[in-house]
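Residue numbers (my numbering), protein chains in the order written: chain C, 2 to 147; chain A, 79 to 445; chain E, 183 to 387.
In short, the hints are calculated from the structure, not lab data.
Hints should not be assumed to be uniformly reliable.
The calculated label-pair distances, taken between Cβ atoms and stated as ranges, are [claimed, not checked]:
no., chain 1, residue 1, chain 2, residue 2, range
1, C, D66, A, I399, 56 to 64 Å
2, A, A427, E, Q204, 31 to 39 Å
3, A, E110, C, R121, 37 to 45 Å
4, E, Y364, A, E245, 25 to 33 Å
5, E, N310, A, E245, 48 to 56 Å
6, E, S284, C, F44, 53 to 61 Å
7, E, E335, A, H372, 23 to 31 Å
8, C, N127, E, N310, 29 to 37 Å
9, E, E279, A, V426, 23 to 31 Å
10, E, E215, A, R82, 51 to 59 Å
11, C, N127, A, G201, 26 to 34 Å
For clarity, every value in this text was computed on a predicted model and none was experimentally measured.
Built from N, CA and C at the ideal position, the CB exists for glycine as well.
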Amino acid sequence: MTVALSGKEVAIKIEEKFPGSVVESGLDNLVVKVDSLLDIARFLKEADGLEFNYLNFVTAVDYYDHFAVVYRLSSLKHNHSLTVKARCYDRENPALPSVTGLWQGADFQEREIYDLFGIRFEGHPNLKRIFLWEGFEGHPLRKDFI
Amino acid sequence: MAVRTEPFVLNMGPVHPSTHGVFRMRVTLDGEVVVDIEPVFGYLHRGIEKLAEQRTYAGIIPLTDRLDYISSMNNNFAYCLAVEKLAGIKVPERAEYIRVIISELQRIAALLIAVGAFLNDCGAFFTPFLYMFRERERIVDLFEMVSGQRLTYNYLRVGGVSQNLPEEFLPALRKFMDMMPRFMDEYDRLLQQNEILIARAKGVGILTAEQAINCSISGPVLRASGVKWDIRKDDPYSIYDRFDFDVPTQPAGDCYDRYRQRVEEMRQSLRIIEQAMKQIPSGPVRAEVPHLIHPPVGEAYGRIECPKGELGFYLVSDNSIAPYRCHIRPPSLINLTALRDMVRGWKVADLIIIFGSIDITVGEIDR
Amino acid sequence: MEMKPAGQYVYSDIELDREEGQVIADLKAKSLEPIPDPDQWLEEELQQNILLTTVDALINWGRRSSLWPAICFPACCAFELIAANGPRFDLSRFGMEIMRASPRQADLMITAGTLTWKMAPNVRRIYNQMAEPKWVIAMGACAISGGIFASAEYAVVPGYNRIIPVDVYVPGCPPRPEALIYGIQMLQKKIARRKNIDMRKMLER
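Only chain C is shown next, with the shape it has when bound in the complex (with noise of 0.2 Å):
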């Protein structure tokens, strides 16, 4: 049976390391800031006993102040699970750090995240709309699209 992790005492061991990069910490996931999400990711991914080899998936949700965007690990090794999430609070150029050096398997999710949403992740190798054609202006999932 799979164990969703508990936030917070995922939290205490990021905290020793990368202090003051964990915004909140709830039940059953955790925020943490948009400028240390590679360095976490890196911790979670090697970390002993945490080990997040395997990348659910990763989407994006528009609350209308800010966008947050979701992440779930999971560890095929010791059976756990954790939800991380990021905060974005710029709505013209919102920009998060891409984690497709570490998961592979974020390469189209995130290519649909900029499509649909228009967030830009930096350092993902090819960047362009994936569904919708070149020169479609807008992003329709944000909440203000018609």
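We have chain C; now place chains A and E onto it with these hints.
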């Protein structure tokens, strides 16, 4: 004097004579060897995630049918699991057993098409495909008895299933189960030691276990690379922990192993249906759920093992009648991440086979 | 030729994408009204009251008994089309067993699936490549009017008749293979009424 070659770009366009749908690949070739490949899709983007924000929780079920249209019952199942997790609804026993039987039958039907289309790509032009269709028609008859539809069923509901099984269903299922192992043996006799299949598919398009885990592959493709991970065993949902079945894996991770993996999984599904048919109780088939569901504020991720991989629904609710955000984790799109690494260095004919062995459905990629 | 590392294409993919995007935007701007029904000629013929000759009847019989469909199946209705070709509902008894991959050798286009604006120029190009006489059957709710996805206007074309002229509409989501066969028989009756040789023009010469 050495011959100087130049790469050229070939467009294998959205309309092509295979049954995988509107999928386009821009292939850079050096002679006949594939040097690079760029998949282009989006030709079937219908905006299902945006439409889901405007429909009630029960009204999204017909939309989920049209995602992976070959295995509609499984899509409904994943969505209903996510909503039940979000709203805390318990499903009655008989409904759980019906869901498992229907889901495993649907898995057999979808794997039949996957194997048939793969053999179609290998060059056995339509003969095994039509043989598989003969079996699929029998399964579709059973589904028509239950839900009235042949392809997009809209049968499962939040809290159970929509109507009880008719009386003819279990005897007809018994007849099907008696016949099916004989047909599986017939296909094996025709295909397993076939020289052409072995020559074309063995050793082609190898995917190692580390690459597969890094690319978030799931489903038969992952298990054919040697990783023993099946959500029905490792994170059981519904009542799968009561059944006794194996999780086969294959050592090499080439196209032939993916084909063998799908055939083995069909046999395991038959085992599960046998056990479920013996244990099915009587009782209500649907929990008492209001028509307009108001789940509490929160989020949930419900996932199942679909014939293509791990299909999951991530739902965010804000206590209204429609979800705030409904994200679908598509196994076909994520399995395609590995296509580029698998294909470079092979020839064009091998590209078709490797692409066919990943088994995608464009309705799920583009949503 | 050595293999470059992934991520550097030999061609410029951004320029190719931009050109295609321009084609799609142009087509979207042109397709605001549905294309009128190609059955206008029936009204005139009833007024002129010209009967079909036996040569016409022979040509029409040949054409309708061996319609060859072109492949255009984006979505779910495709599987009902394949099931119609399958062992139980056999389409080859109507002469339609060959699914031609090349549109130049086909005369019937059964559009089975939702049409999106990104796909629309390709469908128009395939329709243009088919040789006269050619017919189109719109199969399924998505092909008639956009179906269950019509509210997603940013991506879905509300019906194939914005892009190509349609002869027969077969409703259903997806229509059963028997419904598709009924639609094909309606098309065959329509072909039987076609006027190929204009006797008046021939007699005038």
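query = What hint numbers does the structure not satisfy?
reply = 1
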